[in-house]
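Top line first, the protein sequences correspond to chains G and P. For the first sequence, my numbering gives the first residue as 1, with consecutive numbering after it. For the second sequence, my numbering gives the first residue as 429, with consecutive numbering after it.
Be aware that one or more of the hints could be misleading.
The calculated lysine-lysine pairs, modelled on PhoX-like cross-linking and capped at a C-alpha distance of 25 Å, are [as the list claims (entries may be wrong)]:
hint : chain 1 : residue 1 : chain 2 : residue 2
1    : G       : Lys143    : P       : Lys431
2    : P       : Lys765    : G       : Lys31
3    : G       : Lys31     : P       : Lys460
4    : G       : Lys24     : P       : Lys571
5    : P       : Lys571    : G       : Lys143
6    : P       : Lys715    : G       : Lys31
7    : G       : Lys20     : P       : Lys571
8    : P       : Lys448    : G       : Lys153
9    : G       : Lys143    : P       : Lys448
10   : P       : Lys764    : G       : Lys143
11   : G       : Lys336    : P       : Lys764
12   : G       : Lys287    : P       : Lys448
13   : P       : Lys824    : G       : Lys32
14   : G       : Lys153    : P       : Lys452
15   : P       : Lys460    : G       : Lys337
16   : P       : Lys658    : P       : Lys602
17   : G       : Lys287    : P       : Lys460
Honestly, the hints are just simulated from the structure, not real lab data.
Protein chains: 2
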Amino acid sequence: MNKINVAILGFGTVGQGVVKILQKNADQWVKKCNAEIEVKKVLVKNTQKEREVKLPSGVMTTDWQEIVNDPEINVIIELMGGIEPTRSYILEALQKGKHIVTANKDLLAEHGEELLSTCELADRDLYFEASVGGGIPIINPLKQSLLANNIEKVIGIVNGTTNFILTKMTNEGKNFADALQEAQQLGYAEADPTSDVEGLDAARKMAILASIAFHTRVTFNDVYVEGISKISPEDLEYAHSLGYTIKLLGISSFEDDQVEVRVHPALIPLEHPLANVNDSFNAIFVKGDAVGETMFYGRGAGQMPTASAVVGDLIAVVKDINTNSISSSCTCYETKKIKPMDEVKTNYFLRLQVLDEPGVLANIASIFGAHGVSLASVVQKGCTENVAELVVITHKVREKDIQDSLEIIRKLTITKEIVNLIRVEGME
Amino acid sequence: MNKINVAILGFGTVGQGVVKILQKNADQWVKKCNAEIEVKKVLVKNTQKEREVKLPSGVMTTDWQEIVNDPEINVIIELMGGIEPTRSYILEALQKGKHIVTANKDLLAEHGEELLSTCELADRDLYFEASVGGGIPIINPLKQSLLANNIEKVIGIVNGTTNFILTKMTNEGKNFADALQEAQQLGYAEADPTSDVEGLDAARKMAILASIAFHTRVTFNDVYVEGISKISPEDLEYAHSLGYTIKLLGISSFEDDQVEVRVHPALIPLEHPLANVNDSFNAIFVKGDAVGETMFYGRGAGQMPTASAVVGDLIAVVKDINTNSISSSCTCYETKKIKPMDEVKTNYFLRLQVLDEPGVLANIASIFGAHGVSLASVVQKGCTENVAELVVITHKVREKDIQDSLEIIRKLTITKEIVNLIRVEGME
Numbered sequence: 001m002n003k004i005n006v007a008i009l010g011f012g013t014v015g016q017g018v019v020k021i022l023q024k025n026a027d028q029w030v031k032k033c034n035a036e037i038e039v040k041k042v043l044v045k046n047t048q049k050e051r052e053v054k055l056p057s058g059v060m061t062t063d064w065q066e067i068v069n070d071p072e073i074n075v076i077i078e079l080m081g082g083i084e085p086t087r088s089y090i091l092e093a094l095q096k097g098k099h100i101v102t103a104n105k106d107l108l109a110e111h112g113e114e115l116l117s118t119c120e121l122a123d124r125d126l127y128f129e130a131s132v133g134g135g136i137p138i139i140n141p142l143k144q145s146l147l148a149n150n151i152e153k154v155i156g157i158v159n160g161t162t163n164f165i166l167t168k169m170t171n172e173g174k175n176f177a178d179a180l181q182e183a184q185q186l187g188y189a190e191a192d193p194t195s196d197v198e199g200l201d202a203a204r205k206m207a208i209l210a211s212i213a214f215h216t217r218v219t220f221n222d223v224y225v226e227g228i229s230k231i232s233p234e235d236l237e238y239a240h241s242l243g244y245t246i247k248l249l250g251i252s253s254f255e256d257d258q259v260e261v262r263v264h265p266a267l268i269p270l271e272h273p274l275a276n277v278n279d280s281f282n283a284i285f286v287k288g289d290a291v292g293e294t295m296f297y298g299r300g301a302g303q304m305p306t307a308s309a310v311v312g313d314l315i316a317v318v319k320d321i322n323t324n325s326i327s328s329s330c331t332c333y334e335t336k337k338i339k340p341m342d343e344v345k346t347n348y349f350l351r352l353q354v355l356d357e358p359g360v361l362a363n364i365a366s367i368f369g370a371h372g373v374s375l376a377s378v379v380q381k382g383c384t385e386n387v388a389e390l391v392v393i394t395h396k397v398r399e400k401d402i403q404d405s406l407e408i409i410r411k412l413t414i415t416k417e418i419v420n421l422i423r424v425e426g427m428e
Numbered sequence: 429m430n431k432i433n434v435a436i437l438g439f440g441t442v443g444q445g446v447v448k449i450l451q452k453n454a455d456q457w458v459k460k461c462n463a464e465i466e467v468k469k470v471l472v473k474n475t476q477k478e479r480e481v482k483l484p485s486g487v488m489t490t491d492w493q494e495i496v497n498d499p500e501i502n503v504i505i506e507l508m509g510g511i512e513p514t515r516s517y518i519l520e521a522l523q524k525g526k527h528i529v530t531a532n533k534d535l536l537a538e539h540g541e542e543l544l545s546t547c548e549l550a551d552r553d554l555y556f557e558a559s560v561g562g563g564i565p566i567i568n569p570l571k572q573s574l575l576a577n578n579i580e581k582v583i584g585i586v587n588g589t590t591n592f593i594l595t596k597m598t599n600e601g602k603n604f605a606d607a608l609q610e611a612q613q614l615g616y617a618e619a620d621p622t623s624d625v626e627g628l629d630a631a632r633k634m635a636i637l638a639s640i641a642f643h644t645r646v647t648f649n650d651v652y653v654e655g656i657s658k659i660s661p662e663d664l665e666y667a668h669s670l671g672y673t674i675k676l677l678g679i680s681s682f683e684d685d686q687v688e689v690r691v692h693p694a695l696i697p698l699e700h701p702l703a704n705v706n707d708s709f710n711a712i713f714v715k716g717d718a719v720g721e722t723m724f725y726g727r728g729a730g731q732m733p734t735a736s737a738v739v740g741d742l743i744a745v746v747k748d749i750n751t752n753s754i755s756s757s758c759t760c761y762e763t764k765k766i767k768p769m770d771e772v773k774t775n776y777f778l779r780l781q782v783l784d785e786p787g788v789l790a791n792i793a794s795i796f797g798a799h800g801v802s803l804a805s806v807v808q809k810g811c812t813e814n815v816a817e818l819v820v821i822t823h824k825v826r827e828k829d830i831q832d833s834l835e836i837i838r839k840l841t842i843t844k845e846i847v848n849l850i851r852v853e854g855m856e
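Turn these sequences into a full structure, and let the hints guide you.
Printed below as a string of structure tokens:
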């Protein structure tokens, strides 16, 4: 029976969660993976800091060399986050024959190709289930059980913070700032919420998912990103009255021989399986040519859900070590083009305030018409004495065409304000 | 590069779906699994029958010996169904060194232990993702990504036919017989619908899921089963007015050192993730001590979804052949007791008709009280002149205690009829 020696880089929330799981089920690991698992080293900045989870003395170290040069350590669990020195550490560890488990979406979304090709040369595993959707099994199912499919579309609610904020805004009529503040008070959002709120975190996750789903390398820079800070309670009210809710969606698809990948708020029909994914829950909806529609739902963050995915990956590594095989190889065996955002076709929800005069609607409609933007529905509501609010939903049109029309409409003297433009997903 | 020769046993809907997938993506298999895959033989009863999918001449055969004695055939995909001769064929094939992929829930739920121990002796793979939840990846995620967890509960909507019927009854107020007839007309239910409607199909799937979730052998006979034929539109109306819907649930949990496993209709709160799983969709809700609540959703049956899971398993076998390893071993490394149904504790929804007389409610309440059955809510409705309908929801009580109380209540002269007793799941 193998003895597996593990080193954990970083001992924050998730690292301590991993040790909790390993300690709790200590008697089961031998049964579960036919090997003994020991956490031999944990890399920290400060060994003296008070922590919830206790380790035997001598396990914590501040010295990376002590870990990477220990030939007994077979597996590195990387939970430091960030790009450097993490990237260098992982590359060095692979070259020294260690297998890697990581939850680092930032690193994978930017340097995935380098990491995976280094793995291949080193004949070592790199697993990263925890990098997307926390504890939800999504990367391994996409790489294995669903591999018979040509994946057509992946739509994810992959950021719990923004989903919590939008749920609060929807259910309690709060505005964005108040809902964000509540999320911060509850620990769902960080003091600097930019990465979550502006969609950057979701974009990194979508880069990873799209790479796997479409077998082509997609990086963070390929993803079009818009956050949720412009969404107002009024948008949510209009959406609901039309049979939709608003979610921050990651949308990736393969069409016209190009990969589309974008993160932005979107209206989604209330009967769509993603519409009922609330609070800090995540879900990833996958459509394949054989399997049809599937969805994977659960906790997208948090100590124990993330640790669950990390330890699941650790067991996969241990099984590979037992059988002397590598199961985690890169699946980006094609090179597909990324569709420019201008070329993306979708439906749009548009709110604009115009002077309440005869001929205004005709004027605007003719500008849309000239750009090939056709309207599925228009609702007009009197706002104040001489300003009317128009709520428009378009048929499927090209992003560039709607942006060009709005450029013109914005400059009309009859236009008071283009209040919001939100894409619509899942409209037939 | 390996050449993998596959034989398919049975060439019905799913078998043809498998060949469709293999033909459609012919150029991709080498990239996806670094091997060439060929369907060398297909076992049928009648080679002359007209079929949608065409095979090269010489592939179809009626002779099992021709397949099992062909040393070039590495993998058998078993889609014949039923217990015999399927069981003997699989055992023989394993002994002759062939790997197995199967969708046969009947066989696994009754003879899983024999098949998996034969695999171990023969050092061969047996994968069966398609046996539960059609195309939904659930067995592999439970065996891999979620393995770090102690699973606490698995609740599944694992039969599409009954979910379709209940959805029709809920949304259109149809009675059971009419909804069943529609399901039969649309091909969702068979001419003899017993196996679906009486919960037997779901029970087989729950035996498989419980075996994996709790690492102990659970067979079909261990599962308590009740079907949906007694559910009426009135039950659904009452349920909705109380904030619930009714689904045929497979429920398995580990508590008090015993495994509970049962299939029956149950009220479930409208806000539960399973409540919105409608039509012929399936979903499996898994609660683990680390990951918390997760759910897996998709098409639980049909040609292409099932074929998706089968081909996913085939790729897993091919990867194992490539690396000369076995990844599909049995995970039932413990022996846990099955809780007798009498000892199960849950909430109950009870409808009974009683004479509308003073003291009746007190009389019934005192019988419940004597058996330790405490009531969470009681609604009384006048039905006809002198008969009242009582709708009761209980706190968590033991199955035996509620059954014993009803035995006594049934015999009271004031009791006209015990209309229905339905368990409640997910009540706090």
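Hint by hint, here is what the structure shows:
no., hint, in the structure
1, G/Lys143 - P/Lys431, "holds, 21 Å"
2, P/Lys765 - G/Lys31, "holds, 19 Å"
3, G/Lys31 - P/Lys460, "violated, 31 Å"
4, G/Lys24 - P/Lys571, "holds, 19 Å"
5, P/Lys571 - G/Lys143, "holds, 15 Å"
6, P/Lys715 - G/Lys31, "holds, 21 Å"
7, G/Lys20 - P/Lys571, "holds, 20 Å"
8, P/Lys448 - G/Lys153, "holds, 21 Å"
9, G/Lys143 - P/Lys448, "holds, 20 Å"
10, P/Lys764 - G/Lys143, "violated, 33 Å"
11, G/Lys336 - P/Lys764, "violated, 51 Å"
12, G/Lys287 - P/Lys448, "holds, 18 Å"
13, P/Lys824 - G/Lys32, "violated, 34 Å"
14, G/Lys153 - P/Lys452, "holds, 18 Å"
15, P/Lys460 - G/Lys337, "holds, 20 Å"
16, P/Lys658 - P/Lys602, "holds, 13 Å"
17, G/Lys287 - P/Lys460, "holds, 19 Å"
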